[in-house]
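Going by this note's numbering, the sequence shown opens with residue 7, and the numbers climb by one from there.
Calculated from the structure, these hints are not laboratory results.
Among the hints, a few may not be true.
[What the hints assert, rightly or not] Simulated DEER-style distance windows between Cβ atoms:
#: 1; residue 1: E64; residue 2: Q207; range: 17 to 25 Å
#: 2; residue 1: E73; residue 2: Q106; range: 29 to 37 Å
#: 3; residue 1: K68; residue 2: P100; range: 18 to 26 Å
#: 4; residue 1: R129; residue 2: R104; range: 16 to 24 Å
#: 5; residue 1: G117; residue 2: G82; range: 30 to 38 Å
#: 6; residue 1: P97; residue 2: K51; range: 38 to 46 Å
#: 7; residue 1: G183; residue 2: T49; range: 21 to 29 Å
#: 8; residue 1: N176; residue 2: L200; range: 33 to 41 Å
#: 9; residue 1: L110; residue 2: S70; range: 28 to 36 Å
#: 10; residue 1: E143; residue 2: A80; range: 33 to 41 Å
#: 11; residue 1: S139; residue 2: K177; range: 16 to 24 Å
#: 12; residue 1: D123; residue 2: L200; range: 31 to 39 Å
#: 13; residue 1: G82; residue 2: S142; range: 37 to 45 Å
#: 14; residue 1: E73; residue 2: R146; range: 22 to 30 Å
Don't be surprised by glycine CBs; every beta carbon is placed ideally from N, CA and C.
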Amino acid sequence: MVEGLNSDPQEDHLRDPPTGSPAIVRESDNGLLALAAHGRMSTDKLTLDTSVIYEYLENQGKASVTERLLQLGAAGEVELVVTARINEDVPQSPLADRIQELPLLNVDVTGSVTRLDCWVIGRDMLGSDEFKSVFSELYRSGKKQPDWRDWDHLHAHFLLGRDVFLTWDNKILNLSGELRTRLGIVVMRPEEYLTVRNQNQGSQAPTNRENAS
């Protein structure tokens, strides 16, 4: 999520999990080092947070970083997606209209975790009990938390088994250690990902990702 975008502090407080968000329908370290272990990253499956897309669409200060990711996606060197919860992050035109054009930039839109009032049949996925358990512990930890839409981005990323979640949202970045340790979710800033990718381009890719982790 982009801080300050579609965000009323009082409303966000009321909507934060676990009491204020739509109910989930669910089944009964260091990011740089973790990513470097994968060797060459020619086909990494990257999930882009709304903050990464917003920088590009609004031509903000980090737009060139997002543009480099888009170039890699267009070249088929990485797979770029956002989750469908981006529509709740950016619900109003004109920016919402531009979000619908992301496939033209080689950014696919995946399903999200199923919520009763945000459910698109055939698109969204049942939630993970493992993810929900870790989320509940982190939510009670006293740390400043991402809002429910951010958790849904992470949840969908986890369900889809994607490689790296890229964001500039400090609330998510501050939980990167716990997310890596507890759920195997690698969270990085986009520029950090690009740095590690450049450093490892000469490395031989492992035969499969499990052996690389």
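For each hint, the structure was consulted:
Distance hint for E64 and Q207: a CB-CB separation of about 30 Å, inconsistent with the stated range 17 to 25 Å. For the hinted restraint 29 to 37 Å between E73 and Q106, the CB-CB distance of approximately 20 Å leaves it violated. Taking the beta carbon of each, K68 and P100 are about 21 Å apart, inside 18 to 26 Å as hinted. Take R129 and R104: their Cβ atoms lie about 20 Å apart, and the range 16 to 24 Å holds.
Restraint check, G117 to G82: a C-beta distance of roughly 23 Å breaks the suggested window 30 to 38 Å. Taking the beta carbon of each, P97 and K51 are about 27 Å apart, not inside 38 to 46 Å as hinted. Checked against the hint of 21 to 29 Å, the C-beta distance between G183 and T49 comes to roughly 26 Å, which is consistent with it. A hinted range of 33 to 41 Å is violated for the C-beta pair N176 and L200, which are about 19 Å apart.
Take L110 and S70: their Cβ atoms lie about 19 Å apart, and the range 28 to 36 Å is violated. Taking 33 to 41 Å as the suggested C-beta distance range, the pair E143 and A80 conforms, at roughly 40 Å. Distance hint check: the CB atoms of S139 and K177 are about 20 Å apart, consistent with the given range 16 to 24 Å. For the pair D123 and L200, the supplied restraint of 31 to 39 Å holds, since their beta-carbon distance comes to about 37 Å.
About 39 Å separates the C-beta atoms of G82 and S142, a value consistent with the hinted range of 37 to 45 Å. At roughly 39 Å, the beta carbons of E73 and R146 sit outside the given window of 22 to 30 Å.
Of the numbered hints given earlier, the model fails hints 1, 2, 5, 6, 8, 9, 14; all others are met.
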